[in-house]
Amino acid sequence: QVQLVQSGAEVKKPGASVKISCKASGYLFSSYAMHWVRQAPGQRLECVGWINAANGNTKYSQKFQDRVTIAKDSSARTVYMELSGLRYEDTSIYYCARVVASRGRSYFDYWGQGTLVTVSS
Amino acid sequence: DIEMTQSPSSLSASVGDRVTIACRASQNITNYLNWYQQKPGTAPKVLIYVASTLQGGVPSRFSGSGSGTDFTLTISSLQLEDFATYFCQQTYSPPPWTFGQGTKVEIK
Numbered sequence: 001q002v003q004l005v006q007s008g009a010e011v012k013k014p015g016a017s018v019k020i021s022c023k024a025s026g027y028l029f030s031s032y033a034m035h036w037v038r039q040a041p042g043q044r045l046e047c048v049g050w051i052n053a054a055n056g057n058t059k060y061s062q063k064f065q066d067r068v069t070i071a072k073d074s075s076a077r078t079v080y081m082e083l084s085g086l087r088y089e090d091t092s093i094y095y096c097a098r099v100v101a102s103r104g105r106s107y108f109d110y111w112g113q114g115t116l117v118t119v120s121s
Numbered sequence: 122d123i124e125m126t127q128s129p130s131s132l133s134a135s136v137g138d139r140v141t142i143a144c145r146a147s148q149n150i151t152n153y154l155n156w157y158q159q160k161p162g163t164a165p166k167v168l169i170y171v172a173s174t175l176q177g178g179v180p181s182r183f184s185g186s187g188s189g190t191d192f193t194l195t196i197s198s199l200q201l202e203d204f205a206t207y208f209c210q211q212t213y214s215p216p217p218w219t220f221g222q223g224t225k226v227e228i229k
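Residue numbers (the numbering used here), protein chains in the order written: chain A, 1 to 121; chain B, 122 to 229.
For the record, the hints were derived by calculation from the structure and aren't laboratory data. C-beta: ideal position from N, C-alpha, C; glycine also. Check the hints yourself; a few may be wrong.
Computed footprint of chain B on chain A, listed as stretches where at least three residues anywhere in the stretch have a Cβ under 8 Å from a Cβ of chain B [to be verified]: (1) 57-65; (2) 68-75; (3) 110-118.
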């Protein structure tokens with residue numbers, strides 16, 4: 001069955017960087033794009049960016065453009081998201097989510113369990 | 122960015138009630154609208170995609186309707202396991218996509 005397993009919780013100081021991993025199993029890795037979505041406490045879900053797992057092309061939300069890098073290791077079936085210059089307001093749960101995109105439909109069908117990133121001095 | 126606005130932000134209902142949640146887009150998104158359910162401490166789960174298509178395994182008491190800018194999620198007869206937060210998401214524009222702020226369904 002499809003599974004997305006993320007790395008564990010992180011506590012970082014302001015200005016630091018964090019790198020989160022998302023290991024996929026149960027499907028052909030290169031066939032589905034992977035998105036990163038975050039959720040601050042009590043806030044709406046917010047898309048950070050995504051990667052085409054076939055060719056490695058990435059696209060980032062303008063809000064995070066200067067601070068985020070999404071990459072993949074196909075041999076390890078793993079996608080990574082690194083966020084630099086952390087601020088207190090980056091404290092959130094970060095999810096990876098697989099996207100179904102075909103025949104006029106696009107939606108997230110599988111999600112990782114979430115990784116809590118806490119920015120604290 | 123396309124803004125998504127849900128109403129209400131929260132509601133209280135009883136088991137067996139019919140519940141309706143609205144989602145409005147800031148511009149025409151045709152039918153590129155998805156609904157997710159999220160329970161505390163868990164990731165969201167897709168219920169409905171392209172406005173009205175039920176994801177496999179989702180109970181038929183859930184339904185979606187609408188097109189253009191106005192959409193609705195309806196739960197025909199609320200069950201205990203339906204108490205959760207519901208989000209709409211537009212996928213009309215190129216990603217990254219945007220979500221509504223969520224509607225929390227609580228027990229009356």
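A quick look at each hint next to the structure:
no. : hint    : in the structure
1   : 57-65   : holds (count 3)
2   : 68-75   : violated (count 0)
3   : 110-118 : holds (count 4)
The structure shown violates just one earlier hint, number 2.
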